[in-house]
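Novice: Just so you know, the sequences run in chain order A and B.
Counting from 1, one number per residue, gives the positions in the first sequence under the numbering used here.
Counting from 200, one number per residue, gives the positions in the second sequence under the numbering used here.
These are computed hints drawn from the structure, not numbers from a lab.
Treat the hints loosely; a few may be bogus.
[What the hints assert, rightly or not] Which residues of chain A face chain B? A few of them, derived with a C-beta cut under 8 angstroms, are:
| id | residue |
| --- | --- |
| 1 | 49 |
| 2 | 83 |
| 3 | 86 |
| 4 | 181 |
Even for Gly, the Cβ is constructed at its ideal location relative to N, Cα and C.
Number of protein chains: 2
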Amino acid sequence: MSDAQDHKQKMQQQQAEQRAKVSELRDPEKGLVLVHTGNGKGKSSSAFGVVIRALGWKQKVGVVQFIKGKWITGERQFFDRLGEVTWHTMGEGFTWDTQDRDRDIAAAEAAFAKARDMMASGDYDLVVMDEINIALRYDYLKVEDVITGLEGRAKGTTAVLTGRDAKPELCDYADLVTEMTEVKHPFHSGIKAQRGVDF
Amino acid sequence: MSDAQDHKQKMQQQQAEQRAKVSELRDPEKGLVLVHTGNGKGKSSSAFGVVIRALGWKQKVGVVQFIKGKWITGERQFFDRLGEVTWHTMGEGFTWDTQDRDRDIAAAEAAFAKARDMMASGDYDLVVMDEINIALRYDYLKVEDVITGLEGRAKGTTAVLTGRDAKPELCDYADLVTEMTEVKHPFHSGIKAQRGVDF
Numbered sequence: 001m002s003d004a005q006d007h008k009q010k011m012q013q014q015q016a017e018q019r020a021k022v023s024e025l026r027d028p029e030k031g032l033v034l035v036h037t038g039n040g041k042g043k044s045s046s047a048f049g050v051v052i053r054a055l056g057w058k059q060k061v062g063v064v065q066f067i068k069g070k071w072i073t074g075e076r077q078f079f080d081r082l083g084e085v086t087w088h089t090m091g092e093g094f095t096w097d098t099q100d101r102d103r104d105i106a107a108a109e110a111a112f113a114k115a116r117d118m119m120a121s122g123d124y125d126l127v128v129m130d131e132i133n134i135a136l137r138y139d140y141l142k143v144e145d146v147i148t149g150l151e152g153r154a155k156g157t158t159a160v161l162t163g164r165d166a167k168p169e170l171c172d173y174a175d176l177v178t179e180m181t182e183v184k185h186p187f188h189s190g191i192k193a194q195r196g197v198d199f
Numbered sequence: 200m201s202d203a204q205d206h207k208q209k210m211q212q213q214q215a216e217q218r219a220k221v222s223e224l225r226d227p228e229k230g231l232v233l234v235h236t237g238n239g240k241g242k243s244s245s246a247f248g249v250v251i252r253a254l255g256w257k258q259k260v261g262v263v264q265f266i267k268g269k270w271i272t273g274e275r276q277f278f279d280r281l282g283e284v285t286w287h288t289m290g291e292g293f294t295w296d297t298q299d300r301d302r303d304i305a306a307a308e309a310a311f312a313k314a315r316d317m318m319a320s321g322d323y324d325l326v327v328m329d330e331i332n333i334a335l336r337y338d339y340l341k342v343e344d345v346i347t348g349l350e351g352r353a354k355g356t357t358a359v360l361t362g363r364d365a366k367p368e369l370c371d372y373a374d375l376v377t378e379m380t381e382v383k384h385p386f387h388s389g390i391k392a393q394r395g396v397d398f
């Protein structure tokens, strides 16, 4: 078989597989639980990429940011300006700005209550809980409460939970877990964090 | 030391580290080369998350999509509607729609020429080459040509290259390589690809 024939055959096979996949794409019934974890970059940014996709399909989106309260980020400025996303930021900002564990816990619980209500309402196609894994890691939230909240979400609502060190119980519950692994990182080679890329 | 004191001390240390990091955040000089690869989800969506961050900081962004030509995606619809991103999609669509290797190569080369011109122009803070690794994997593009194009980019231009099976030469050249690893995938447990999440 010539290279060209071989190529054509491979492409035909991929086309058939792709078509089979596309033909399955019309099921909006079930909402998924997605976890983005790992020590690499891309956990939050890929969640915001998913937000963009959802908005492109005219879906309704809510975002609750845990931890990153007071820091000005590009994503926050963008979505504020866009005005299409219900956005809630945990009131106390970075936990290391408060240095008060009880306040941190109260702030995390209030933020999760907001996310839980959005998930249960049936009004949202997508609810992002950005950096919630950090709140879980510090035991500001109980993993069983988060799972109960996810379990109570409306049928068509997809939830995305981000942050390193995702709890094993949460990963067990999730439909999809993606680990972002740092293979090579510019901070390690003396390059500074940059606006637009890192925050 | 009490738990509360211990917590406070940890938080103070993190606060100091965070401040040191934030104080370094004002260097817009150097553009980075970022590669998102691996067999997991989030390679393209995190690139679009980076686009959002850049737009939030009023940066200028260009996107060239390789391979995913004709497929209607949420990101494409969103950015078309937004009208703030210079967008170019490789003309021939999915390579397995053409089944003609020469046309695929010509389309990939034309798409990369577009990306190279944007990178060299100095007009863009960020240029995303989405799924370019697929074009490299099929030898539609030469990795040395892509590296030459990256090398010729303007000083402040960051480039993001996505797609599985990134070439080792490209990873060596890049400042940052993130591997997205599929830990648990819904297609494997019988859940269909979904609008807004997967495309």
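Novice: Take the hints in turn and mark each one as holding or not.
Specialist: A quick look at each hint next to the structure:
no. : hint : in the structure
1   : 49   : 3 angstroms, holds
2   : 83   : 12 angstroms, violated
3   : 86   : 15 angstroms, violated
4   : 181  : 5 angstroms, holds
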